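Work out the full structure: start from the sequences and follow the hints.
Order-wise, the sequence lines are chains R and F.
Each step along the first sequence adds one to the number in the working numbering, with nothing skipped, and position 78 is 78.
Each step along the second sequence adds one to the number in the working numbering, with nothing skipped, and position 17 is 17.
These are calculated hints, taken from the structure and not from any lab test.
Simulated restraints on C-beta separations: (1) GLU101/F to GLN191/R: 38 to 48 Å; (2) ALA100/R to ASP89/F: 44 to 54 Å; (3) SER165/R to GLN105/F: 35 to 45 Å; (4) LYS44/R to GLY4/F: 42 to 52 Å; (5) ASP52/F to ARG115/R: 32 to 42 Å; (6) VAL95/R to ASP89/F: 34 to 44 Å; (7) GLY119/R to LYS106/F: 19 to 29 Å; (8) GLU21/F to LYS44/R: 55 to 65 Å; (9) LYS86/R to THR98/F: 27 to 37 Å; (10) PRO31/F to SER101/R: 20 to 30 Å; (11) ASP84/F to LYS193/R: 38 to 48 Å; (12) GLU210/R to GLY85/F: 28 to 38 Å; (13) LYS22/F to SER58/R: 53 to 63 Å; (14) ASP52/F to ASP181/R: 54 to 64 Å.
Bear in mind that the values here come from a model prediction, so they are computed numbers and not experimental data.
Don't be surprised by glycine CBs; every beta carbon is placed ideally from N, CA and C.
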Amino acid sequence: MSEDLYDVAIIGCGPAGLQAAIHAASKKARVVVFGKPRKSSLYKAHVANYCCYEEPISGKEILEAGRKQAENFDAEFVEEDIIETKNENNLFSLVTESGASLTSRTLVLCMGVSRKKLGVKGEKRLVGRGVSYCVDCDANFFKGTDVAVVGNESAAVTGALTLLSYASTVQLICRKLMVIDTLHDRLRESQVKVVEDTWVKEVIGTDEVEGVLLKNGDTLNVKGVFVELGAKGALELAANLGVVFDAETFSSIETNKKQETNIPGLYAAGDIVGQPWQIAKAVGEGCVAGIEAAEYAKKLADS
Amino acid sequence: MGTGVLDVDDNNFESEILKAEKPALVDFWAPWCGPCKAIGPAIQEMEEKYGDSIIFARCNVDDSPNTPAQYSIRAIPTLILFQDGKVVDQVVGAVPKTSLESLVQKVL
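Listed below in structure tokens is the structure:
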């Protein structure tokens with residue numbers, strides 16, 4: 001990853017992100033794609049309803065082939081999650097989980113949708129009473145208290161590290177950590193206590209969180225439980241940029257037919273834009289977003 | 001048509017919300033909070049629709065820490081519906097618009 005400016009940065013390497021990369025890179029835009037292929041919902045799937053493939057095809061094969069196609073057009077791939085986005089002076093700046101940063105003239109959001117809740121006893125009842133889904137939003141309410149973070153990936157690890165500046169103790173509950181080495185090292189060198197090989201069975205408390213019961217039988221006495229599953233998603237990365245979400249559920253990003261959001265230079269494609277959550281739709285939207293982003297970047301570069 | 005979402009703080013919370021004649025829906029938010037930004041337009045829209053009978057207000061938890069502490073707020077956005085100085089109900093997070101609708105229906 002080079003230090004200078006990209007034309008098109010794409011978050012997410014599922015079908016929408018790959019198709020956006022192929023089209024943008026084939027238009028000679030300088031393209032970088034972020035994300036972990038194994039995290040795409042397509043990775044473990046077999047696809048039987050995608051046009052022109054009569055026999056079911058493996059999602060893994062589709063993803064690998066798409067990446068090669070994009071790489072043949074000189075798109076770069078970085079297998080890291082993005083943990084921060086900013087929009088300044090018509091440019092987007094991004095920070096990866098290893099702490100690397102870069103800027104791009106356009107940004108295409110293709111990070112899909114993922115489960116954010118644990119679905120355990122006590123969780124729903126204690127939302128806002130110690131259960132939180134957003135470290136960045138709520139860390140400040142837990143100054144000087146003992147807290148736990150739940151999750152295996154970059155959102156949980158970066159969230160736990162952030163909480164060290166607020167809480168008096170931070171424990172990270174995970175089955176097995178799946179983050180890149182540099183982030184893992186930062187965690188190991190930190191004061192975060194990692195509770196590995198287990199998961200949350202129940203959030204305990206009557207009017208507010210008093211602790212968590214783990215599947216291994218242990219109980220942690222904490223005042224706060226931050227559920228941070230997977231990588232940071234649309235609400236964390238896009239809402240901060242001022243993106244308009246769908247007015248009914250705030251769960252998908254609003255775009256027009258050019259896949260433009262309300263922010264100039266910012267595009268979205270695939271599941272994050274709404275249902276149906278299908279590869280065919282993702283590929284179509286990715287195509288449009290890639291072409292539009294490349295053209296926008298070129299105009300910006302020429303101006 | 002209402003008069004816009006009112007900004008309230010620790011100093012005027014009592015006079016503007018608790019002692020108000022109308023019920024009030026207060027959005028506890030902060031500028032760095034993504035989900036707060038996401039629901040902002042929906043709250044403005046509700047204000048345009050119901051602003052004649054309900055006060056729609058927002059309280060920045062960063063500038064005004066005392067009021068959120070008084071209501072034990074530990075997550076934002078939290079939306080609390082007040083009537084006659086008392087809490088009628090509250091919701092936490094970027095909840096669907098239907099949940100916001102059923103919340104305000106409680107005082108209409």
